[in-house]
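Each chain, letter by letter, is given below.
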Amino acid sequence: QTLKVAIAANLQPVMKALQSDFKKKTGITIDAISGSSGNLSNQIKNGAPYDIFMSADAAFPTMLYKQGFSQHQPVFYADGVLVICGINKTAVNNWPSAIQTVAVKKIAIGNPAIAPYGKVAKEALEKLNLFIKVQPKIVFGESISQVNTYITTGAVDAGFTTLSLIRDPSNKTKLNWALVDSKLYTPIRQAMILLRRAEGNKQAIRFYKYLTSSAAKAIFKSYGYHVN
Amino acid sequence: MIKADIKKQLKDGQLLHINKAFVTGSITRVTGPSGAGKTTFLKMLAGLIKPDEGLISVDSNEWFNSAGSINLTPQLRKAGFVFQDYALFPNMTVMQHLKYACGDNDWIDDLLKIGGLDSFTDKKPLHLSGGQQQRLAILRALAIKPNVLLMDEPFSAIDVKTKMKLLADLQTLLRDMNTTVIAVTHNPQELDGIATDELIIGED
Amino acid sequence: MIKADIKKQLKDGQLLHINKAFVTGSITRVTGPSGAGKTTFLKMLAGLIKPDEGLISVDSNEWFNSAGSINLTPQLRKAGFVFQDYALFPNMTVMQHLKYACGDNDWIDDLLKIGGLDSFTDKKPLHLSGGQQQRLAILRALAIKPNVLLMDEPFSAIDVKTKMKLLADLQTLLRDMNTTVIAVTHNPQELDGIATDELIIGED
Amino acid sequence: MDLLPIWLTLKLAAITTAILLVIGVPLAWWLSAKRSVFKIIIEALITMPLVLPPSVLGFYLLLAFSPQNGLSKWLHNTFDVQLVFSFPGLVLASVIYSLPFMVSPVKSALQQLPVSLAQASYTLGKNPRETFLHVQLPNIKPSLLTATVLTFAHTLGEFGVVLMIGGNIPGVTRVASIAVYDAVEQMDYTSANQYSLVLFAITFIMVMGVFIYNKYQFKSPLE
Amino acid sequence: MDLLPIWLTLKLAAITTAILLVIGVPLAWWLSAKRSVFKIIIEALITMPLVLPPSVLGFYLLLAFSPQNGLSKWLHNTFDVQLVFSFPGLVLASVIYSLPFMVSPVKSALQQLPVSLAQASYTLGKNPRETFLHVQLPNIKPSLLTATVLTFAHTLGEFGVVLMIGGNIPGVTRVASIAVYDAVEQMDYTSANQYSLVLFAITFIMVMGVFIYNKYQFKSPLE
Ligand SMILES: Nc1ncnc2c1ncn2[C@@H]1O[C@H](COP(=O)(O)OP(=O)(O)OP(=O)(O)O)[C@@H](O)[C@H]1O
Ligand SMILES: Nc1ncnc2c1ncn2[C@@H]1O[C@H](COP(=O)(O)OP(=O)(O)OP(=O)(O)O)[C@@H](O)[C@H]1O
Ligand code: MOO
Ligand SMILES: [Mg+2]
Ligand SMILES: [Mg+2]
Chain A
26 QTLKVAIAAN LQPVMKALQS DFKKKTGITI DAISGSSGNL SNQIKNGAPY
76 DIFMSADAAF PTMLYKQGFS QHQPVFYADG VLVICGINKT AVNNWPSAIQ
126 TVAVKKIAIG NPAIAPYGKV AKEALEKLNL FIKVQPKIVF GESISQVNTY
176 ITTGAVDAGF TTLSLIRDPS NKTKLNWALV DSKLYTPIRQ AMILLRRAEG
226 NKQAIRFYKY LTSSAAKAIF KSYGYHVN
Chain B
4 MIKADIKKQL KDGQLLHINK AFVTGSITRV TGPSGAGKTT FLKMLAGLIK
54 PDEGLISVDS NEWFNSAGSI NLTPQLRKAG FVFQDYALFP NMTVMQHLKY
104 ACGDNDWIDD LLKIGGLDSF TDKKPLHLSG GQQQRLAILR ALAIKPNVLL
154 MDEPFSAIDV KTKMKLLADL QTLLRDMNTT VIAVTHNPQE LDGIATDELI
204 IGED
Chain C
4 MIKADIKKQL KDGQLLHINK AFVTGSITRV TGPSGAGKTT FLKMLAGLIK
54 PDEGLISVDS NEWFNSAGSI NLTPQLRKAG FVFQDYALFP NMTVMQHLKY
104 ACGDNDWIDD LLKIGGLDSF TDKKPLHLSG GQQQRLAILR ALAIKPNVLL
154 MDEPFSAIDV KTKMKLLADL QTLLRDMNTT VIAVTHNPQE LDGIATDELI
204 IGED
Chain D
65 MDLLPIWLTL KLAAITTAIL LVIGVPLAWW LSAKRSVFKI IIEALITMPL
115 VLPPSVLGFY LLLAFSPQNG LSKWLHNTFD VQLVFSFPGL VLASVIYSLP
165 FMVSPVKSAL QQLPVSLAQA SYTLGKNPRE TFLHVQLPNI KPSLLTATVL
215 TFAHTLGEFG VVLMIGGNIP GVTRVASIAV YDAVEQMDYT SANQYSLVLF
265 AITFIMVMGV FIYNKYQFKS PLE
Chain E
65 MDLLPIWLTL KLAAITTAIL LVIGVPLAWW LSAKRSVFKI IIEALITMPL
115 VLPPSVLGFY LLLAFSPQNG LSKWLHNTFD VQLVFSFPGL VLASVIYSLP
165 FMVSPVKSAL QQLPVSLAQA SYTLGKNPRE TFLHVQLPNI KPSLLTATVL
215 TFAHTLGEFG VVLMIGGNIP GVTRVASIAV YDAVEQMDYT SANQYSLVLF
265 AITFIMVMGV FIYNKYQFKS PLE
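Residue numbers (this note's numbering), protein chains in the order written: chain A, 26 to 253; chain B, 4 to 207; chain C, 4 to 207; chain D, 65 to 287; chain E, 65 to 287.
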């Protein structure tokens, strides 16, 4: 039986690289199940058979740990970076003023309640006192993946997403993007837990350990994440 | 004078060929075994089924001519038609049936009296007996004062006493209107003494 | 001897009350206007419609008794029934109809000859003419060799010539089996000289 | 419980049903008449939303509605109508999605009317339109009611397509089915349960109502 | 394109259809006979999945299937069967979800058979079971075929419920409709398009097939 790793949607690009690197090193195949961190937590609560949960924050894994879904404290594996991104330049160059213009009709952010990247996007907008102003333009993605879909299909003019989307070599859509000033949002400290059912599963533990190895760190870094 | 010389390939494989002239004002009884094509013949006259080839003419008007590609719609032929299954409109009362067909209220009153339906004007078909339904079907066909009246088993559900009275009244009416009648019946004695002509379909 | 004294409130409001005895081996003609309750009466005899109250007995057996709460199922009564709409099984050939009803192949062959259907054994109802369908309905009812044969307008679709031949054959057969026959008909002349008794329903 | 999604859903269902009555009933009439291979293809296409995954429909609608798309761009520039993430977009999607619920029952009811009914009307000199309005339509009322109620209820239940093209905007595209999903994802089972009960109650009462009405109504001999 | 989701979907649809033939047809028969208020309630409940949002159904199934739940816990401990995020769970959900597609058409077809057919069989001494098997069932074959094909196709298209109780596990619960959604979310529009086309082709061919068959078949006089 293959390992099942539940990954926060922002990890989708980097996970492909992690999977193949791990496979090369150990021969172990991993199935990645992606969703918003909240959605995956809900699934785990209701019995989803996942071995490891890689969240986009620390809150969801901590909640699961407290509820007894893991015997180990959550572990940080990377810090995420928030970007604003769109197909056209107009929306991202000097984005705080650009998104207030009529040229920008729709802005996508992740659903703040379940997608940590959405939560920080909202925070950044609020810090700039922009959230109320642009609220009529905001559409909510179910996860950061859906935000990415909305961006790359051009359904929205701009969206707040992860830097790893930009660094994803398999993404062929030409995107314009800008970093969101890290002072505008609480650091995205991404944590993971080894779930109860993987207790004693050597392969799972191996991957769990691998994720904090220097090899994995290098990969995370190349996708724009901060690691220490 | 109605002239029909038409051919139709029936679905069961038989070829129906009818060649007959009907004198204006005559009453023709059509008989023949079940499935011979009696209903099909009436419907071809009314324009509801298209013959494969041939000619139908009424006085000097051509209703159908396969050679000249003439095929009048049923709306233009306006033949009175009494359907074998009555084809009453379930949503309409007796009165609404007749008003749908014609706007002449005096004529409607006359018809209701002849059919003995004057006390049932606000009843829908579901609440009429089989015989009353059949009489309504006849009245509706007459409401448009047709030159040609095609009737498919028009008296099958009417008991003998009622039938005799109805036939007597109808006969006067049809004579006054000089209507040409073609009536299908299973019962060979029916219309004895009333029919002036006979057509037998499919008897071997 | 079949005795029936039953009451039924019809859906149209009339009360149907029938009190009549049928001698074993007799042939009773049932007539009456459309909607009077002829079909309902036959179905009550067969156990397909439950009377509101009364008694039905066949010789010394009670089929229905509202006082004693007796109501035999149609399966137990096994009355031969010829339905007004034939009620043939569209999925079965002529032969399959008869085999479904009985296992006696010789009897089936006899029936097929009497009904003139011996060359149609592998045809389904859709490919039979109206008259052939009606004959099949009669044969199917006879296949179970019923003591009581209930027929609802059994000859309406059969042309006169065929009917005469069929009737003659049936008469001998029914006499041999000593079957009690109750037959509904619209045509008051039908069964003249064959019926030995008469029941009129709902004539005012 | 926030009632906005419920209202929005009812509004969406009402508008969709109204539109489908206007376009679906004539379409059903057209389909009920003499059949051709072309009509069968059209009919199969109309049936597709009944069986096609909403994610497939949602995917294609997302592509079609995106302002990058030529037609959508033109709509946007000319009429200032945006389809993606908008209520009009949901209406259009719902019309496509619920089309078979209106067309199929009405079509089969029309086909089950004895042909002699229309023929009788023709011999009285009435054209097909008069015949449809005065004879055919009044005699399929129960089917029309069933189709209307099921269309409404089915639109209430629309989920997958809205999930893909709606964007979960409160008051605009956040319909009740999405609100349930959203609440479940947030592990807010109390709200999920409340929304679910409301939706269940509305749809159950409607379905029961139609069934009971169809049972006790004045039964036309045609059904 | 990964073909696993397609196979999984076909397997799910086949198993669901088989189960529904076994339980849906007798259920339809029971419902087609003399109606009572109790039967109308059952019938309305069976119809609910047709109109209820998949998210509502998914939510309740999630609660029912969750290992926290007593029955599920017992099932899990006794038979080692887990329903949530598992293939058996999807089968159960699909059976509920597609039930009306099997039951409704079969039920109405049975009700449209003239009562005299069954009555004729009874007077020949045959009991209701024999009558059902030899007389009623063979005469509703086209409706049975339509119901079977639509049930199969509708199960192929199941999305919302699977999204909530399936969890997108490759080879287990990642059916084609989910694969499309997933591919779209991963911005892998080529795969999304391929899956969509395959699903569209399969369902369209099936629906067309039934329609054409029903048009050209030997027409029973009963329909
Ligand atoms: N539009 C049509 N085109 C070709 N054949 C048809 C058409 N309509 C009916 N038929 C076929 O014509 C044959 C004769 O049917 P028709 O109803 O005319 O018989 P009928 O003489 O009226 O019988 P009955 O006495 O039972 O009413 C049947 O086999 C029928 O299937
Ligand atoms: N199960 C039933 N219970 C009560 N009334 C019934 C039942 N079945 C039919 N009826 C009603 O009984 C009345 C008589 O119908 P029936 O079919 O017995 O008439 P009929 O004499 O056979 O007429 P026809 O000559 O037209 O065949 C009708 O009004 C019908 O609605
Ligand atoms: O990666 Mo997230 O959990 O969709 O913000
Ligand atoms: Mg005829
Ligand atoms: Mg009768």
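Calculated from the structure, these hints are not laboratory results.
For every residue, glycine included, the Cβ atom is placed at its ideal position computed from N, Cα and C.
Errors might be hidden in some of the hints.
What the hints assert, rightly or not - Which chain E residues face chain A? A few, computed with CB under 8 Å, are given here:
id : residue
1  : I87
2  : L126
3  : S130
4  : P131
5  : G134
6  : L135
7  : T142
8  : D144
9  : V145
10 : Q146
11 : F149
12 : P152
13 : I233
14 : Q250
Stated by the list, open to error - Reference listing, derived: stretches of chain D covered by chain B, where coverage requires no fewer than 3 residues with Cβ under 8 Å from a Cβ of chain B:
id : segment
15 : 170–182
16 : 207–217
Tested hints:
1. I87: violated (26 Å)
2. L126: Hint holds; L126/E Cβ to chain A Cβ min 5 Å, cut 8 Å.
3. S130: holds (4 Å)
4. P131: This hint holds: P131/E lies near chain A, its Cβ roughly 4 Å from the closest one there, short of 8 Å.
5. G134: violated (14 Å)
6. L135: violated (13 Å)
7. T142: The hint is violated - T142/E has no Cβ within 8 Å of chain A, the shortest such distance being about 16 Å.
8. D144: violated (13 Å)
9. V145: violated (12 Å)
10. Q146: This hint holds: Q146/E lies near chain A, its Cβ roughly 7 Å from the closest one there, short of 8 Å.
11. F149: Hint holds; F149/E Cβ to chain A Cβ min 5 Å, cut 8 Å.
12. P152: For P152/E, the interface hint is violated, since the closest Cβ of chain A sits about 13 Å away, which is over 8 Å.
13. I233: holds (6 Å)
14. Q250: Constraint on Q250/E satisfied, holds at 6 Å.
15. 170–182: holds (count 3)
16. 207–217: Contact hint for the segment 207–217 of chain D vs chain B: violated, 0 residues under 8 Å.
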